[in-house]
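J.: So the protein lines, in turn, are chains D, L, G and W. The first sequence begins at 57 in my numbering and counts up one residue at a time. The second sequence begins at 57 in my numbering and counts up one residue at a time. The third sequence begins at 57 in my numbering and counts up one residue at a time. The fourth sequence begins at 57 in my numbering and counts up one residue at a time.
Some hints could be false.
As the list claims (entries may be wrong) - Negatives, chain L to chain W, calculated, CB over 12 Å:
1) Tyr62
2) Ile65
3) Ile68
4) Ile77
5) Lys92
6) Lys99
7) Gly139
8) Asn140
9) Lys177
What the hints assert, rightly or not - Simulated coverage check for chain D against chain L, where a stretch passes if three residues somewhere in it have a Cβ under 8 Å from a Cβ of chain L:
10) 74-87
11) 128-134
These aren't lab readings, by the way, just hints derived from the structure by calculation. In this text, a Cβ means the ideal position worked out from N, Cα and C, and glycines have one as well.
Protein chains: 4
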Amino acid sequence: MKINRYEDISQIDREAKKDYIDRHSAFVHCAAEAKKGEKFTVKVQVGDEYAHPDDFDHYISYVQLWNGETFLTEAHFTPGVLGNMAGQVEVDFHIVPLKNMKLTAMAYCTKHGLWQSDEVKVTVTE
Amino acid sequence: MKINRYEDISQIDREAKKDYIDRHSAFVHCAAEAKKGEKFTVKVQVGDEYAHPDDFDHYISYVQLWNGETFLTEAHFTPGVLGNMAGQVEVDFHIVPLKNMKLTAMAYCTKHGLWQSDEVKVTVTE
Amino acid sequence: MKINRYEDISQIDREAKKDYIDRHSAFVHCAAEAKKGEKFTVKVQVGDEYAHPDDFDHYISYVQLWNGETFLTEAHFTPGVLGNMAGQVEVDFHIVPLKNMKLTAMAYCTKHGLWQSDEVKVTVTE
Amino acid sequence: MKINRYEDISQIDREAKKDYIDRHSAFVHCAAEAKKGEKFTVKVQVGDEYAHPDDFDHYISYVQLWNGETFLTEAHFTPGVLGNMAGQVEVDFHIVPLKNMKLTAMAYCTKHGLWQSDEVKVTVTE
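Bound-form chain D, shown alone (with noise of 0.2 Å):
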């Protein structure tokens, strides 16, 4: 299973490529710290400067959230639920941690394959 990654896009010269991979990326965006036994939200987001289509043929059709080797939670889409515009898309998930995290997020798009994102290490304090 071949799983794409993030690649720091300010050291890519092409345009295109630097569009390709930044659209595709999955990103994990969240606080650094939660408290124990708390909801803490954890945003899921598909691209961060370049927005992917969201059409028939072509779109994102759905992200999960793990931690570590645990998988907590996933979002599937249907292609026009962004308006079948270009968008970043975005789920915000509200869990309770107990202890301290490692969160990965994966999304797939329907062209493209999947895509995995940087791991956030979240600390989890009393």
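We have chain D; now place chains L, G and W onto it with these hints.
T.: Then chains L, G and W, alone, in the frame of chain D:
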């Protein structure tokens, strides 16, 4: 297929029944108006004043968001996402409306079946 | 939530309507009796005499299998699984019943909404 | 993302390890050849000689079927679908191939993470 619905719990006497109905009911929370072609946040929440368990054998396993008869998106959960504590399942979808919407959420409890929210009308303007 | 149901197409005159109803309807195909604790095959099929398109903007995106009010399992599809040809969506689940079941399938068409099968009773014996 | 793989259990001495690896491994079972444009059955099974639990806190929650880097379909399970007995999770997808395929299955155990099957090549002829 039996589909359960919210009832106004202020009209219900028995505390156990208030709790049962409220903690299973799906709610759509969003603004009443949206701009056409711009991101619009829709929160799907299960339970309002009361909280549902997140036990291995008793949890909310999925929520769906519909616009009229059109399925937009859904989130799947595994037990433990709320830390195995009681809590309102909550997920924010960011969609891009093009015309007026009638949003409905569905939620499934692994012990108490399928629950449908009230419909929320959203006026979409240019 | 509008849920569509199968109608006996032999009682329908208009060919287009026969086709529309049949190709969207979900069907549960299985034996009428099962052995307690042994694997039991349940086929969920969408369409009986007529075939549904598998186009990017018009396909069956999921089927679910329910036992009464209990969700058992579901399959998600992306367009192209039937080769972008018309065909009956079909998936066989192998479940292990412990007591009598009342099986219902749900199917979702991305253009024509949610369809519920007739209920199929299964007698489970020791 | 750690992805576990099958190992040839005949080469493993320790019974507990044989069991652990076999019962978690995903397998793709299908014919080696298919006719272009005709239905083709692909069984995804988890476990071969050994059976995985179907406990509330320990079960196979989903399987996916991929063709190379293209996601085809997936099935989600809730605990109890196998009657809360140990058993091989098993689902048959009926797909319509148009050209040669390289099929891979993924399976997720709620305690022991993600498992990838060996790739199965299918030759598709006119």
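J.: In ascending order, which of the hints set out earlier in this document are inconsistent with the structure?
T.: 8, 10
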